[in-house]
Amino acid sequence: MRVNRMSRARRRAALGVSVAALAAGVTTGAGPAAAQPKAAAAAAAECSAAYKIEQKLSSGTTWRMCWRYDSKAGLVLENISYQPKGEASPIKVLNSARLGQIHVPYDDGSVEYDDLTGFGFAQGLMNLDPGECPGGTIKSVKVPDSWDPDHPDVNGLCTTTRSRGHAYRMQGDSANKVYQAQGKDLLVYSVNQVGWYEYMTEWRFQDDGTITMNLGATGSLSFEDYDAGDGRGWPIGKGPRAQATSHSHNAFWRLDFALDGSSKNRVEQYDSTVTAAAQGQQAATVKTTRTPVTKELAGDAKSYRWWRMVSAVGKNKDWHPRSYEIVPGPSTKYPGRGFTKHDVYFTEYNQCEQFASNNTGNCGTAAGKSVDKWVDGQALTHPVVWMNVGFHHIARDEDQQPMPVHWQGFSIAPRDVTAMNPLTPAELAGQNGHWEFGS
Numbered sequence: 001m002r003v004n005r006m007s008r009a010r011r012r013a014a015l016g017v018s019v020a021a022l023a024a025g026v027t028t029g030a031g032p033a034a035a036q037p038k039a040a041a042a043a044a045a046e047c048s049a050a051y052k053i054e055q056k057l058s059s060g061t062t063w064r065m066c067w068r069y070d071s072k073a074g075l076v077l078e079n080i081s082y083q084p085k086g087e088a089s090p091i092k093v094l095n096s097a098r099l100g101q102i103h104v105p106y107d108d109g110s111v112e113y114d115d116l117t118g119f120g121f122a123q124g125l126m127n128l129d130p131g132e133c134p135g136g137t138i139k140s141v142k143v144p145d146s147w148d149p150d151h152p153d154v155n156g157l158c159t160t161t162r163s164r165g166h167a168y169r170m171q172g173d174s175a176n177k178v179y180q181a182q183g184k185d186l187l188v189y190s191v192n193q194v195g196w197y198e199y200m201t202e203w204r205f206q207d208d209g210t211i212t213m214n215l216g217a218t219g220s221l222s223f224e225d226y227d228a229g230d231g232r233g234w235p236i237g238k239g240p241r242a243q244a245t246s247h248s249h250n251a252f253w254r255l256d257f258a259l260d261g262s263s264k265n266r267v268e269q270y271d272s273t274v275t276a277a278a279q280g281q282q283a284a285t286v287k288t289t290r291t292p293v294t295k296e297l298a299g300d301a302k303s304y305r306w307w308r309m310v311s312a313v314g315k316n317k318d319w320h321p322r323s324y325e326i327v328p329g330p331s332t333k334y335p336g337r338g339f340t341k342h343d344v345y346f347t348e349y350n351q352c353e354q355f356a357s358n359n360t361g362n363c364g365t366a367a368g369k370s371v372d373k374w375v376d377g378q379a380l381t382h383p384v385v386w387m388n389v390g391f392h393h394i395a396r397d398e399d400q401q402p403m404p405v406h407w408q409g410f411s412i413a414p415r416d417v418t419a420m421n422p423l424t425p426a427e428l429a430g431q432n433g434h435w436e437f438g439s
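For the sequence shown, our numbering gives the first residue as 1, with consecutive numbering after it.
In short, the hints are calculated from the structure, not lab data.
It should be emphasised that the depicted structure is a prediction, and the values quoted were computed from it without experimental measurement.
We put the beta carbon where it would ideally sit given N, CA and C, even for glycine.
Mixed in with the good hints there might be a few duds.
Unchecked claim - Taking lysine-lysine pairs in the BS3-like style, the calculated list, with each CA pair at most 30 Å apart, reads:
| id | residue 1 | residue 2 |
| --- | --- | --- |
| 1 | K317 | K341 |
| 2 | K52 | K373 |
| 3 | K369 | K317 |
To be verified - Across the chosen pairs, the derived CB separations fall in these ranges:
| id | residue 1 | residue 2 | range |
| --- | --- | --- | --- |
| 4 | S140 | T332 | 34 to 40 Å |
| 5 | Y304 | A366 | 34 to 40 Å |
| 6 | D153 | G433 | 51 to 57 Å |
| 7 | A366 | P292 | 54 to 60 Å |
| 8 | G60 | G329 | 23 to 29 Å |
| 9 | D150 | R396 | 38 to 44 Å |
| 10 | R241 | T332 | 24 to 30 Å |
| 11 | K373 | P425 | 30 to 36 Å |
| 12 | V405 | G280 | 23 to 29 Å |
| 13 | H151 | A88 | 41 to 47 Å |
| 14 | T275 | P335 | 27 to 33 Å |
| 15 | K295 | G60 | 37 to 43 Å |
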């Protein structure tokens, strides 16, 4: 008899969410109310001290944000601003940032899971040991719709700092002068258990203005799933008989930008065309073109293509519009569902569009339950970014026991947010644009 793919842990999660939903009737969250974002000029975090994260890194950069905990999405970061040294006030970057779904289909077609909206991702928040948050602070989180209503508080949110290695290195004019700096990050993360898996949701806020979003999967392989056929699994343990079923983790993130405090940002797509070297040329020529994205888009990453979100109201000290570039990470795109067939979606803000699949927002039956259904040609005045990063997990012997973390994610990088590298040493501050030695 075939083993039921819905493990006992997943059955418990689904039951817990169903009972909580019947009791509560609505999706609730801890922390500040999840109202529709405002296009406010102020970049300061609008929350009480208990829900505020503020960190000045040793390089002089300060990150500020609010946090809350949603009964489906888990950790939500809001009112995120960045203030590098030399900037008189914080620069707002995002209204909100969070996971938008974790979709897990199995290779044999037996089941698929929507872990955020179907299997109690948020309720699986784990207590963190102090050793897991070295040099940092672990915050207490009140988990909405907790499986144990008598004990809803979990020490589950870590904020700390990490070194990331060289931020830059440059040999100066003199042979004995080297300019170098070691980069620092603010790290914010939580761990949620769903079935046998433990998901690490990690946010890295770099001192150069980059934000990196990672989802790590660890925990255990499900021992109930060792019955895959050839081509759909991998032998684990003694001999060839116990085949761990292969599956995908399609992670979505939802980003609501508010550059310089305004939600009215512009989306631009850039594509470069490479033409073989003509007679007399030493190399091929490359021409880059800009395409304004004025309507909702389902976009596909490819070589020589990238997107950026551009501020409609703010410029840097060189009078260039501030923007953030979307930097996709490695991805295995899953073609089995419409909503996983594209790498990025730009949709017009809609309060009910909350999750990339199995959406629980009250959008009405005609609106569809997944992000691909929301791309219908609407004009973009308040664009929301949905990033899809896939990982195809074919198990290996080294995945037990416990399973090493495998990561998937992407970054957004500042493009013209500041006039120069925000970590530029003072003695190089004059070398902006065209400069000459001795100037």
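We went through each hint and held it up to the structure:
Among the hinted pairs, K317 with K341 is inconsistent with the structure: their alpha-carbon atoms are about 40 Å apart, more than 30 Å. With a CA separation close to 35 Å, the supplied pair K52 and K373 exceeds the 30 Å bound. Of the pairs offered as hints, the one joining K369 and K317 is violated, with about 43 Å between alpha carbons and a cut-off of 30 Å exceeded. Restraint check, S140 to T332: a C-beta distance of roughly 37 Å satisfies the suggested window 34 to 40 Å.
With their beta carbons about 38 Å apart, Y304 and A366 fall inside the hinted range of 34 to 40 Å. In this structure the hint that D153 and G433 lie 51 to 57 Å apart at CB holds, the actual value being about 53 Å. Between A366 and P292 the CB atoms are about 29 Å apart, so this pair departs from the stated range of 54 to 60 Å. Taking the beta carbon of each, G60 and G329 are about 28 Å apart, inside 23 to 29 Å as hinted.
Range check, D150 to R396: about 41 Å between beta-carbon atoms, so the 38 to 44 Å window is met. In this structure the hint that R241 and T332 lie 24 to 30 Å apart at CB holds, the actual value being about 27 Å. Evaluation of the 30 to 36 Å hint for K373 and P425 yields a failure: the beta carbon distance comes to about 51 Å. As the Cβ distance of V405 to G280 is approximately 52 Å, the hint placing it in 23 to 29 Å is violated.
Checked against the given bound of 41 to 47 Å, the beta carbons of H151 and A88, roughly 46 Å apart, stay inside it. The beta-carbon spacing between T275 and P335, approximately 31 Å, falls within the hinted interval of 27 to 33 Å. Checking the proposed 37 to 43 Å range against K295 and G60 shows it holds: the Cβ atoms sit about 40 Å from each other.
Hint violations for this structure: numbers 1, 2, 3, 7, 11, 12, all remaining hints satisfied.
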